[in-house]
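Chains as they are written, first to last, in the numbering used here: chain A, 18 to 295; chain B, 43 to 434; chain C, 2 to 142.
Don't read these hints as lab results, they were simulated from the structure.
Any given hint could turn out to be false.
Claimed, not checked - Pairs of lysine to aspartate or glutamate, EDC-like flavour, derived with a Cα cap of 20 Å: (1) K179(A) x E107(B); (2) K57(C) x E108(B); (3) K279(A) x E292(A); (4) K179(A) x E108(B); (5) K179(A) x D94(C).
Remember, predicted model here, so these are calculated numbers, not experimental data.
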Amino acid sequence: MPNDVTAVIQRRARELLSSGQVVMLLGYRPGRSSAQPAFITRPEDASLLVFDQSCGPNLAAFLPKVKHLGRIGVVAKGCDSRSIVLLLQEHQLRREDVFILGVGCNGVLQDSRLSDSCQTCQFPNPVIYDELIGEPAAASGQLKAAGGQQSADSGQRWQWFKNEVSRCIRCYACRQVCPSCYCPICFVDTTMPSWVGRTTRLSDNMLFHIIRALHMAGRCVECGACSRACPMAIDLMSLNRKVSQIVKERFGHIAGLRAEEKPPLTVFDPDDRQEFII
Amino acid sequence: MKAKGERRKTAGGMRKGSRRSAVGGQRKAVSSERSAPRILTRAEFDRLIDELVAKCAVYAPVAVEETGKLEFRRIGSSSEVKLEGLADVGVVGQLGLRPKELLFPQCEVLFHFSPSEPGRMVEPEPPQEQVLFGVRPCDGAAVAFLDRFFSGRSDSSAPSDIYYRARRERTTLVGLACNRPADTCFCRAVGGSPSGTTGLDLLLTDLSDGFLAEPVTEKGAALVADMPVASQADMEKKQRLAENAGQAITTTIDTASLKRRLDRTLVSEGSGPADAVWQALSLPCVNCGVCTFLCPTCRCFDVTDEEFRGRGRRMRVWDSCQFTLYSRHASGHNPRATPHSRFRNRVMDKFSYTVAMVGELSCVGCGRCISACPNGIDIRETVETLLKMLPE
Amino acid sequence: MSEMQEFEPRIVAFLCNWCSYAGADLAGISRIQYPPSIRVIRVPCSGRVDPLFILKALQNGADGVLVSGCHPGDCHYLTGNYVARRRFAVLHDLLEFCGIEPGRVSFSWVSAAEGERFAEVVREVTERIRKLGPNRRMNAE
Chain A
18 MPNDVTAVIQ
28 RRARELLSSG
38 QVVMLLGYRP
48 GRSSAQPAFI
58 TRPEDASLLV
68 FDQSCGPNLA
78 AFLPKVKHLG
88 RIGVVAKGCD
98 SRSIVLLLQE
108 HQLRREDVFI
118 LGVGCNGVLQ
128 DSRLSDSCQT
138 CQFPNPVIYD
148 ELIGEPAAAS
158 GQLKAAGGQQ
168 SADSGQRWQW
178 FKNEVSRCIR
188 CYACRQVCPS
198 CYCPICFVDT
208 TMPSWVGRTT
218 RLSDNMLFHI
228 IRALHMAGRC
238 VECGACSRAC
248 PMAIDLMSLN
258 RKVSQIVKER
268 FGHIAGLRAE
278 EKPPLTVFDP
288 DDRQEFII
Chain B
43 MKAKGERRKT
53 AGGMRKGSRR
63 SAVGGQRKAV
73 SSERSAPRIL
83 TRAEFDRLID
93 ELVAKCAVYA
103 PVAVEETGKL
113 EFRRIGSSSE
123 VKLEGLADVG
133 VVGQLGLRPK
143 ELLFPQCEVL
153 FHFSPSEPGR
163 MVEPEPPQEQ
173 VLFGVRPCDG
183 AAVAFLDRFF
193 SGRSDSSAPS
203 DIYYRARRER
213 TTLVGLACNR
223 PADTCFCRAV
233 GGSPSGTTGL
243 DLLLTDLSDG
253 FLAEPVTEKG
263 AALVADMPVA
273 SQADMEKKQR
283 LAENAGQAIT
293 TTIDTASLKR
303 RLDRTLVSEG
313 SGPADAVWQA
323 LSLPCVNCGV
333 CTFLCPTCRC
343 FDVTDEEFRG
353 RGRRMRVWDS
363 CQFTLYSRHA
373 SGHNPRATPH
383 SRFRNRVMDK
393 FSYTVAMVGE
403 LSCVGCGRCI
413 SACPNGIDIR
423 ETVETLLKML
433 PE
Chain C
2 MSEMQEFEPR
12 IVAFLCNWCS
22 YAGADLAGIS
32 RIQYPPSIRV
42 IRVPCSGRVD
52 PLFILKALQN
62 GADGVLVSGC
72 HPGDCHYLTG
82 NYVARRRFAV
92 LHDLLEFCGI
102 EPGRVSFSWV
112 SAAEGERFAE
122 VVREVTERIR
132 KLGPNRRMNA
142 E
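Isolated chain A, as found in the complex:
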């Protein structure tokens, strides 16, 4: 039996597609192990849609790729909706390009455990939507210090960082599933000059991971798609949380909450703290 949210999503998808309000409904359908993104274009296929705790992928990542088709209906959890806001802030999407079916989220399961990112979720409910489906979820996320690994000793932090990034096989799954990573040419793919070596030696992996995290500054909504996608179980969420924390503490900004806000690293305050400058 489909749960209530699934039933409503199916019904609304059917209506939106039949009435021509959207050309595609981006949602989830069951896969053999976990839910898979579904790209529904025919009203009769709406019955394929589901929503449950296996619906992990951040569907906002697909919006820039399908927006040319016309208006897209999209199922959005709290984090997904923040990604949509981020895309709006950065002019990758226009509000009228999407019809957002918001859903409250009780967390995504990975290997039948609550995903790491969801354990610290502060925004389980959509921050932007055209319609809210089902009941809002109760915020259950516990604030966790960025990286339980943050030791007082620089050498120990280095060991942790080295240990994590040395496992990277540079498959770029973290980048590809991330809605914030939409650059047509990523810095690791430039060849003239070739900024990042293509090997998996520590120094190349480090360069990639530090710059990836920096590019997330003020842009990461902590949906955890990257860490769930990582086949090597690299603790990407610690790096993401750290940059979010830096940006929040220094510039008072939380990513993806208000579409009219400017990304914090494109603006400034003359009084920004500069204690680190000689």
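Got chain A sorted already, so can you dock chains B and C onto it with the hints?
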């Protein structure tokens, strides 16, 4: 597809005068008098490993804390090896157990050079003799594929790969039959078996009170030559386990029909009704490299030079057909510019291209791409759809 | 002599064209002494400095990096250094989190009139790096 026996043969007799293995024996099919299955208790197994550790590099599944997975690691003692429960693929998984990396490393130095000494190239030390324990039969089949792929062609249009060969000749693969396949396993659908011996030197079967060891090559036979010969009861037990495991894999794929259907789309790449099928199938694909990097038969690489303070090295590093850079020309033109064309390439490679090139499928049904795909793409469903949607 | 005394750091300095580069020039023509440890790369503005440049320098053998631009409010392009400051702040905190030694990467504001200050900054940065020793963590070797 070639018969299994032929697959196995390619691994042997690669280079004349190859160095005799430190663990004894050439990679040629075991002679009948040495082929008798042996029985190993855990104690004997440990003794065997400890003897080998003293002679060469031994890799075996080790539980790695950070990833929570079993991974092949070089071990210093039998006590580090985790073989318990390894025959249960569903529980243990196989994402961490990737023998390909030990034969075809993700990044490998080909030679060192220095601008101050033009023309002088220093090659790294030849690889060490190595023994891998706990290789899954699907991965054995994948190594047999790589053997054939990298062994070159008789018309010399594709020369043999000396770097791969150097490692392969110094490698002994000890397999472990899968008693309980995972729900992502489909080796039987692509010509393999959870108790297959293709590509392996020795196949172990976990009989719970010990291992049954079946020599496949002389190299493998040499490892267990002084162990007691298995009893009829042991053999029957193994037979039952193998049958049960085989029955657990129910996926079937008409690979011949699939190839015919795929080949009809060769001339129409990028257009027509077939292209629409590929587009629809590839929608959830984000073109990351997970499937190709974890695939035991994916073998594409790029060659890159690195310079550091006046010293250089030429390296080869894995590449993936899923990346835009993979097919981009120096001119900037990219003949495979769309995401779905890259998705298509992987499937075509597995079920069509390599059959044409070396006579074998390059999917061994290990299921890694299924369990690791961030968006839950299942190659079995992809193939099912292709068989339905593409005309024969 | 101990190894520390022998160690002469190699520091890559990204200097903005309008202020810090001119400051370095002034230090030169004023014959102010400072350690010969820096290799200067002139950039149009501190805002031009991508964190990638900094990490790449460390990867390719630099023991330290100095980025220097116009004082806040003095940017030739009005706001380039303000935006750069935010970027450097995040980089600074993140590098610390990742366990790259504090002091490997330094930032300063030096105007065209501050020849003595430029020399002072280079002395201080060189001393920091000398204490840290050669860069082994980020080094490609």
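Going through the numbered hints above, which ones does this structure break? Give me the numbers in ascending order.
Failing hints, ascending: 2, 3.
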